[in-house]
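> Here's the letter readout for the chains.
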Amino acid sequence: AQKVTQAQTEISVVEKEDVTLDCVYETRDTTYYLFWYKQPPSGELVFLIRRNSFDEQNEISGRYSWNFQKSTSSFNFTITASQVVDSAVYFCALSGNTGKLIFGQGTTLQVKP
Amino acid sequence: DVKVTQSSRYLVKRTGEKVFLECVQDMDHENMFWYRQDPGLGLRLIYFSYDVKMKEKGDIPEGYSVSREKKERFSLILESASTNQTSMYLCASTSRGGRVESYEQYFGPGTRLTVT
Numbered sequence: 029a030q031k032v033t034q035a036q037t038e039i040s041v042v043e044k045e046d047v048t049l050d051c052v053y054e055t056r057d058t059t060y061y062l063f064w065y066k067q068p069p070s071g072e073l074v075f076l077i078r079r080n081s082f083d084e085q086n087e088i089s090g091r092y093s094w095n096f097q098k099s100t101s102s103f104n105f106t107i108t109a110s111q112v113v114d115s116a117v118y119f120c121a122l123s124g125n126t127g128k129l130i131f132g133q134g135t136t137l138q139v140k141p
Numbered sequence: 037d038v039k040v041t042q043s044s045r046y047l048v049k050r051t052g053e054k055v056f057l058e059c060v061q062d063m064d065h066e067n068m069f070w071y072r073q074d075p076g077l078g079l080r081l082i083y084f085s086y087d088v089k090m091k092e093k094g095d096i097p098e099g100y101s102v103s104r105e106k107k108e109r110f111s112l113i114l115e116s117a118s119t120n121q122t123s124m125y126l127c128a129s130t131s132r133g134g135r136v137e138s139y140e141q142y143f144g145p146g147t148r149l150t151v152t
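So the protein lines, in turn, are chains A and B.
Okay, so the first sequence: first residue is 29 according to the working numbering, each after it adds one.
Okay, so the second sequence: first residue is 37 according to the working numbering, each after it adds one.
Treat each hint with caution, since some may be false.
To be verified - Derived lysine-lysine pairs resembling BS3-like cross-links, with alpha carbons at most 25 Å apart: (1) 128/A to 49/B; (2) 128/A to 89/B; (3) 66/A to 140/A; (4) 89/B to 107/B; (5) 89/B to 54/B; (6) 128/A to 66/A; (7) 140/A to 98/A; (8) 54/B to 93/B; (9) 93/B to 107/B; (10) 31/A to 93/B; (11) 128/A to 107/B; (12) 54/B to 91/B; (13) 91/B to 39/B; (14) 106/B to 93/B; (15) 93/B to 128/A; (16) 39/B to 89/B; (17) 106/B to 54/B; (18) 31/A to 54/B; (19) 39/B to 107/B; (20) 91/B to 106/B; (21) 89/B to 106/B; (22) 89/B to 66/A; (23) 106/B to 39/B; (24) 106/B to 128/A; (25) 54/B to 107/B; (26) 91/B to 107/B; (27) 39/B to 66/A.
What the hints assert, rightly or not - Here are the simulated distance ranges between beta carbons: (28) 120/B to 92/A: 30 to 40 Å; (29) 72/A to 95/B: 14 to 24 Å; (30) 33/A to 119/B: 22 to 32 Å; (31) 81/A to 95/B: 14 to 24 Å; (32) 81/A to 116/B: 25 to 35 Å; (33) 42/A to 49/B: 40 to 50 Å; (34) 99/A to 116/B: 40 to 50 Å; (35) 119/B to 82/A: 38 to 48 Å; (36) 108/A to 52/B: 46 to 56 Å.
To be verified - Which stretches of chain B does chain A cover? Using the computed rule of at least three CB atoms under 8 Å from a CB of chain A, they are: (37) 59-65; (38) 73-81.
It should be emphasised that the hints constitute simulated quantities derived from the structure, not laboratory data.
Here a beta-carbon is modelled for each residue, glycine too, at the ideal position from N, C-alpha and C.
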């Protein structure tokens, strides 16, 4: 069975702090994709990143970075120098050979000024 | 840019009513999905469709049905709304090309449905 676990329900930080959102997944598929989405207060999910199971290179995009480790089945997301605009719910998701997305429970990030 | 629109942002219905939630995408995507989002549970897949008139059950299809008569439109139907269907409903679409699981899904703004 496929499963995504985001153990952190809520995280609160002060602006300019670094914060890491954890994501652990389970799958028996050899080929799969991992995603992160952001859901701001407006409600619409915004795609942030996709990684496939054969590419374990870490990725950096501005203040965002992602650490994919197959050995620990983790795909963690770090925001450097957080800003108030980063406040949102963040979802990690997994897609395997069924084509369906399996989402984690979501982590609510609050960045205080 | 891909645009996915949903017919209502907020909806209040009474128990037993038939409810239609409409979703339209403008990028000629083959695949469309309906999810519900509840606190602590994340997003759960209700139904999805890979083509016109095709539909497949997701993880929680009970109490719901869908219709896809046109490629751009995917409707979610609550035949007889119940209070436990109060939730946020999100529609998504994605293109098919290549491996379907590789393409990110584009989401609509959501419909917050309250059943009283």
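> Evaluate each hint against the coordinates.
Structure-based check of each hint:
The straight-line distance between the Cα atoms of residue 128/A and residue 49/B is roughly 29 Å, outside the 25 Å bound, and the hint therefore fails. Using a Cα cut-off of 25 Å, the hinted pair residue 128/A and residue 89/B holds, with the two alpha carbons roughly 18 Å apart. Annotation: proposed proximity of residue 66/A to residue 140/A holds, straight-line Cα distance about 18 Å (limit 25 Å). With a C-alpha separation of about 9 Å, the suggested pairing of residue 89/B with residue 107/B holds against the 25 Å cut-off.
The suggested pairing of residue 89/B with residue 54/B holds, with an alpha-carbon distance near 21 Å, which does not exceed 25 Å. For the hint linking residue 128/A to residue 66/A, the alpha-carbon distance of about 18 Å falls within 25 Å, and the restraint holds. Between residue 140/A and residue 98/A, the direct Cα distance comes to roughly 33 Å. Violation of the 25 Å bound is thereby established for this hinted pair. For the given pair, residue 54/B sits about 20 Å from residue 93/B by alpha-carbon distance, which is consistent with the 25 Å threshold.
Taking the CA atoms of residue 93/B and residue 107/B, the gap is near 18 Å; set against the 25 Å cutoff, the hint holds. The suggested pairing of residue 31/A with residue 93/B holds, with an alpha-carbon distance near 18 Å, which does not exceed 25 Å. For a cut-off of 25 Å, the pair hint linking residue 128/A to residue 107/B stands: about 19 Å separates their Cα positions. Pair hint residue 54/B plus residue 91/B holds up; C-alpha atoms about 20 Å apart against a cutoff of 25 Å.
Restraint check: the Cα-Cα separation between residue 91/B and residue 39/B comes to about 22 Å, which is no more than 25 Å; the hinted pair holds. About 19 Å separates the Cα atoms of residue 106/B and residue 93/B, which keeps this hinted pair within 25 Å; it holds. Distance hint between residue 93/B and residue 128/A is fulfilled; the C-alpha atoms sit about 11 Å from each other, no more than 25 Å. With a CA separation close to 22 Å, the supplied pair residue 39/B and residue 89/B stays within the 25 Å bound.
The hinted pair formed by residue 106/B and residue 54/B meets the criterion: a straight-line CA distance of about 21 Å does not exceed 25 Å. Restraint check for residue 31/A and residue 54/B: the C-alpha separation of about 33 Å exceeds 25 Å, so the hint is violated. For the proposed pair residue 39/B and residue 107/B, the alpha carbon gap of about 14 Å is at most 25 Å, so the pair holds. Distance restraint check for residue 91/B and residue 106/B: the Cα-Cα separation of roughly 12 Å lies within the 25 Å cut-off, and the hinted pair is therefore satisfied.
For the hint pairing residue 89/B with residue 106/B, the CA-to-CA distance comes to about 8 Å; that is within 25 Å, so the pair holds. With a C-alpha separation of about 31 Å, the suggested pairing of residue 89/B with residue 66/A is violated against the 25 Å cut-off. For the given pair, residue 106/B sits about 16 Å from residue 39/B by alpha-carbon distance, which is consistent with the 25 Å threshold. Only pairs whose Cα atoms come within 25 Å are accepted, and residue 106/B paired with residue 128/A is accepted, the gap being roughly 21 Å.
With a CA separation close to 23 Å, the supplied pair residue 54/B and residue 107/B stays within the 25 Å bound. For a cut-off of 25 Å, the pair hint linking residue 91/B to residue 107/B stands: about 12 Å separates their Cα positions. Restraint check for residue 39/B and residue 66/A: satisfied, since their Cα atoms lie roughly 17 Å apart, inside the 25 Å limit. Roughly 37 Å separates the CB atoms of residue 120/B and residue 92/A, a value that falls within the hinted 30 to 40 Å.
Hint check: residue 72/A to residue 95/B, Cβ distance near 22 Å, so the stated range 14 to 24 Å holds. At roughly 29 Å, the beta-carbon separation of residue 33/A and residue 119/B lies within the given 22 to 32 Å, and the hint holds. For the pair residue 81/A and residue 95/B, the supplied restraint of 14 to 24 Å holds, since their beta-carbon distance comes to about 22 Å. Restraint check, residue 81/A to residue 116/B: a C-beta distance of roughly 42 Å breaks the suggested window 25 to 35 Å.
Between residue 42/A and residue 49/B the CB atoms are about 42 Å apart, so this pair conforms to the stated range of 40 to 50 Å. Checked against the hint of 40 to 50 Å, the C-beta distance between residue 99/A and residue 116/B comes to roughly 49 Å, which is consistent with it. Taking 38 to 48 Å as the suggested C-beta distance range, the pair residue 119/B and residue 82/A conforms, at roughly 45 Å. Roughly 51 Å separates the CB atoms of residue 108/A and residue 52/B, a value that falls within the hinted 46 to 56 Å.
Under the rule that three or more residues need a Cβ within less than 8 Å of chain A, the assignment of the stretch 59-65 of chain B is violated, with 0 such residues. Counting residues of the stretch 73-81 of chain B whose beta-carbon sits less than 8 Å from any beta-carbon of chain A gives 6, enough to reach three: the coverage restraint holds.
In summary, the structure is inconsistent with hints 1, 7, 18, 22, 32 and 37 from the numbered list given earlier, while agreeing with the others.
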